[in-house]
Amino acid sequence: MQLTGLLWGGKLLKYVGFPAAEVLGPEASVDDIKALIEKHGEVFIKPIFKGGVGKKGKTGLIGRVKDIESALKEKERLYFTTHTSGSSTVKSDGVTFEGAVPAGHEVYFSITESTVYRTTTMTITHHGGVEIEELPEDKIKVVPFDPLTGLKSFHVSNALEELKAPAEIISPLVQNLPRLWDLYNNYGMTTLELNPIRMMPGKGGRLVPVACDFKCAFDIDDTAWKRLNLPSHIFASDYSEFEQEINQLRTYQGQSDVFIINDQGTITAPTFGGGANAMVTEILGDYATISSDFGGNPPYVKMNQISEIVFKHWLDQSNVLFIIGGKANNTDIYETFRAMADALRGYFHTYGPKPIFVIIGRGGPNLIRGMSYMRDTLDALGIPCRIFGHDSAMSEVVNYAMKVNEWMIKEGKKLIRAKLTK
Amino acid sequence: MHKQGVEKFPYYVGIRSLSEVATREDRVCVLNILGTESSSVTPVSHEFSGGNVVFGTGPGKSGQILETKLGSIPVYNSVKEGMNAGHKINTAVIYLPPAGVKDGVAEVVRDNPDLKKVVILTEKVSVKDSRTIRAICQTNGVDVFGANCLGVADAWNQVRIGGALGGSKPQESLVKGSVAIYSNSGNFTTTIAVYLITSGWGTTTSISSGKDVYIHFAPGEFFYVLDNDERSRAAVIYVEPGGYYEHGLEINKPTVACIVGRWKARLTKACGHAGSLAGSGDDAAAKEKWFMDYFDVDDIYTPENPVFSKKGAVVTNIAYIPEALTRVMEANGIESDFEPQGDLSLKCWFANNQGLSLPPELDIPVVEAVTPYNEQIEKVNRQIGAQFPREALKDASGASMMDPKTQVTKVHNVSILDASKYSLEENLVFSLTKEHPDEYRRGLANIAFNSYVNLHGDSILTASDASREGGNSPNTVLSSAISIIGKGRVKRAIDAASVLLDLFQYQKIMDSTADFDYKEVLQETIRSSDKDKLLVPERDGFAEKMVRAIDELDRKSIFIEFCKDLARKEERFLSADTILAATWLTIGWSSLMRKKISRTTILSLPWYSMIFSAHIGCSVPSEWHSKTSFCGEDLDDFIENRSFTETAFLALIGHRPAEVELFEFTVLLGLIISNGPGTISAQGSKGAVSADGPEQPERVQLNKAFVGFLTHTGFAHGGNGYEAIEFLLERFKDNGLKDPGDPNHGIDLKGIAAKYSQWYLNYKNREKAAGNLEYRKIPCVGHPVFKGKAVNIDPREEFVSKLLEERDSYNIFLDFYRHLVQALFETGATRNVFCVNVDAVIAVILLKAVWNLYREGELTEKDIENAAFTTFLFGRMIGCAAEIDDHINRGRNMDTRTPASKCSFVG
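So the sequences go chain by chain: A and B. In terms of numbering that gives the first Met the number 0, the first sequence has 219 at position 220, counting the first letter as 1, and numbering is strictly consecutive. In terms of numbering that gives the first Met the number 0, the second sequence has 366 at position 367, counting the first letter as 1, and numbering is strictly consecutive.
Take the hints with a grain of salt, since some may be wrong.
[To be verified] Computed footprint of chain A on chain B, listed as stretches where at least three residues anywhere in the stretch have a Cβ under 8 Å from a Cβ of chain A:
#1 184–192
#2 850–858
[Said to hold, decoys possible] Just a sample of chain B residues kept apart from chain A, beta carbon distances all over 12 Å, derived:
#3 GLU6
#4 VAL126
#5 SER396
#6 GLU438
#7 LYS786
#8 ASP807
[Said to hold, decoys possible] Calculated lysine-lysine pairs in the DSBU-like style (CA-CA distance at most 30 Å, straight line):
#9 B:LYS393 x A:LYS412
#10 A:LYS418 x B:LYS420
#11 B:LYS801 x A:LYS413
#12 A:LYS138 x B:LYS288
#13 B:LYS404 x A:LYS418
#14 A:LYS311 x B:LYS393
#15 A:LYS418 x B:LYS7
#16 B:LYS288 x A:LYS413
#17 A:LYS151 x B:LYS7
Hints are computed from structural coordinates only; laboratory data are not their basis. Just so you know, even glycine gets a beta-carbon here, dropped at the ideal spot from N, CA and C.
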């Protein structure tokens, strides 16, 4: 759950009184934009990407204008622009107009959790406005601090002094930056990044730090972010419809994590356990529709609901339903298999029989009861299956599932369909 | 700020050797000990560890206990209360919900200065709470394992602390050896241990670290304590992407590192382990490189490319761990701990090809599972028939459902449109066995049904006659009759079926007509009480008549032939009950073996059969039943040669159906099988089952369930089909129509339709002008779903019409309806061309069947109304049988009632 840009970031900064550049949303009228240009002399136009998208400036996705005509042109160019990073491409939905902040100094600042220091850290440099990874280490200061007491003024001043930052920026930053800890700590953030903070001359020439971009990530397991009353559409692009449906079942009893691997995949694998999830998804590659972890001993009702959602979204296109996990330590196999088998029966009832091959690899408490329940259900539905014990290597079972998938593509699906409709 | 522990670390680490991670001396307190997971896991841990759990907590649960085989564990409201009771602990296990974990840790740290270790099982602990927990424990000198882990275990010490490492049988996985395990995955901790056994390696200490963002006891600490543990000669570490915990390690003992999750570089949010969300520097590829550098190897180990050094090997598949470890240890001159046990090849425990021929490489055979699973599998394989989970079935059904879009109901997943292509007897069999019968079994069903249609001399007829004479509707008349077919009447048949089932259930017969040698069964010691249930001392002419008819069929039933041979062997005779039982066992066997139906259902089939027969038999008065005939037809011929559909037609119309008539009648019955579980008739039958208590299925009175169906039909539900007939009679009774099936009838349908439409338009306008919006609607025209287009079509009517057209079956009444909807539009009575709905199809088929009798004065309008209603009952009997059987098998006692809170008073 990530949030970028000042449109919402500016609102969050207001909670702790941290100054941010003046920003108008996509709904801004021509007169509003004109007034913004007049007030600041220059306006930045940035596309709105939901979720976390960085490096916009690098890819030419920031407009910089001084008149309304150019502003409207840039608005048109960037309103629905796309941004590609690695394998994912996102489309913007609107633009923001941000008043330029004249400044002689740009500062980078972030708070995040560090697995190196195993505590919260502040990262700061007065060489901001660029990608932090591009700076040499001696120009950046990473400061771990005690989360029980939080980020303190001395952390900031010590760091800036060690960096030999210009004296005039130290005091305003020492005064303002510790407030960001409140935002970070009180609203369930795992990352908060302001880059750049521009040091704008204020009254009497004293510099004022003004946030000119905003990025943060929230912890899905911390409900504190809900207190911010952010509209749900901000995070909508983070989750597909399928993932959102599953997420509604997110409780502490049992895992229910899913991620779409390939929406054209042909093997749907409800996976049990984080390790099994990592390994099975790795081997299946793009054959997999989803990656999932349903371990943690989910109760019947939750597993049944999860299965209903998974089947509804993915079974129609699948050749193989692949239920896989190691030898469970605590997950009740009878309960989870009964829940899945009942959901499968329900699916066939609602959507009609589907030509699939079911492959299972599992171990754990109540194993045989669970396997036999599943076997009986599959028999009744007329679905071919292979059910392997936990003494079969999980990776071999995955390989078998992939071979069956190939056969299904070649002829199996057709043969099973003919059998089901006979 | 942290307490000083092991000097090497810039933070607190208290444990110096792996052997200290889980010891027999540790004394444990479990927070939320009575929670669902803890209460099942803790006793096993406690017993395995020799009783290491001193007490548990649960707010408000002081005084309660958790039973274990080593005695009960006391429960207190709080840690403080437990400490005040004199208990001493050094380890806390946290099973609290995520929001309570931080406070739980704070509580146990504050109230117990002797605390050294905390094991947190809980998943989804927030990052904020994790960092706070770390800060608290660092300040107070406490080692933390987890969160989101499965705890720690030691095979040497026979101790496990925290979660369920090794499940309910930890001794199976935690076998003493020389390898230490550290795993980000709880499940893989013991899966790796089990895999290692196949190469002869046992374990020392196993640590499930969890894979949240915060890992408190990380690989750095693990390799440090490994060095100080003399028992451990090697290590296996399973890690996933995300975090720098594996960076800069100092590894001094042979180690196999398994790194899985290259694909996780694609993740934009956590899936599975929360801490597996990696950046560019800590992804799986980076971690592979770190470990390759530690081991001085330049590639990943695979069986095909076994790259390893004395220091170790890197694998990306846990299945390669045993082999890689063995190779590394060989390089160090170290032999395995014990002889390899088992292997990791594919072992299929259950399989079904569903009759398909799979390629040999995929057709993996079933092998015997390892003990104790093989014994368990044998036990479950001896269970026959389906076992359905029970649930409240109010307004729900496992038998039928209506698609709100198409308005087509499906019964056992077959649409009523498709079902209408099957005969009455086929659909009746289908309703209970969930399979339409083949020709042989259809023949058997006809014999079974027709044998019990004639009820000459039976008190049932007296009851139905009396009811009929009392002026009751057809459903009420049938209710009186069906009430009498209680369990007592069919007990002998059910007993016989039960004996046969017991004798044959484990013979692995899938097809009841297969070539099966039952000699051994015949020679088995069959209890004399069971023989008495199958055989009678005196010749039974009725039974012989049935057997004669069955012998005429082209195949042989194992069960019927067995009964015949048994009778010969015992020099006794078969009863009709036994033949009925063997017949239905033959029909339902494959459904039972394929677990489509339950044992309860197959044993009830003779009862259902008699009830179905009585529905038809009692629909005509007693004078139509005689010793030798039914409805004037010879009884022997009847049993041997007629289908049950023909019988139903005969009872309804009074003559044998011609081929076209039979076809149309079949379609008609098929269309009215079901309208889903919400219909009143279905609700009536389900309510009757629910009231008897399906959780004890033997107590449910099937006949009463059918009475429930019958009494929940009436002039408005079932009897309303007559409205359309009445409408058509008005249009056609005086125009000299001779044969409704003749397309050259010479009647001006368009003209009649136009004339009526004009009249209807005037009538409608008149009524509307007078403020009456409840004006009479034309029956069977229009539908609330199939509307709004320029020309509307009810797909069900379209389907049946096509079916009739394919058979060159013309129906003037249906033709008229088509003209009528067009004329209504043309005259402006309707705003578009309304559909002719499926109810019209039902009416026109029936009217066509009775037209001549009506024209000749043999049937009155009242008779036709009764016939329409009775036809509905015959068809709906099929669907309700499915509902009744479904509710018996799946429903709960009294599950159809409505809670008082949901009822309203409208007085």
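> Tell me, which hint numbers fail for this structure?
Replying inline: 2, 4, 5, 9, 15, 16
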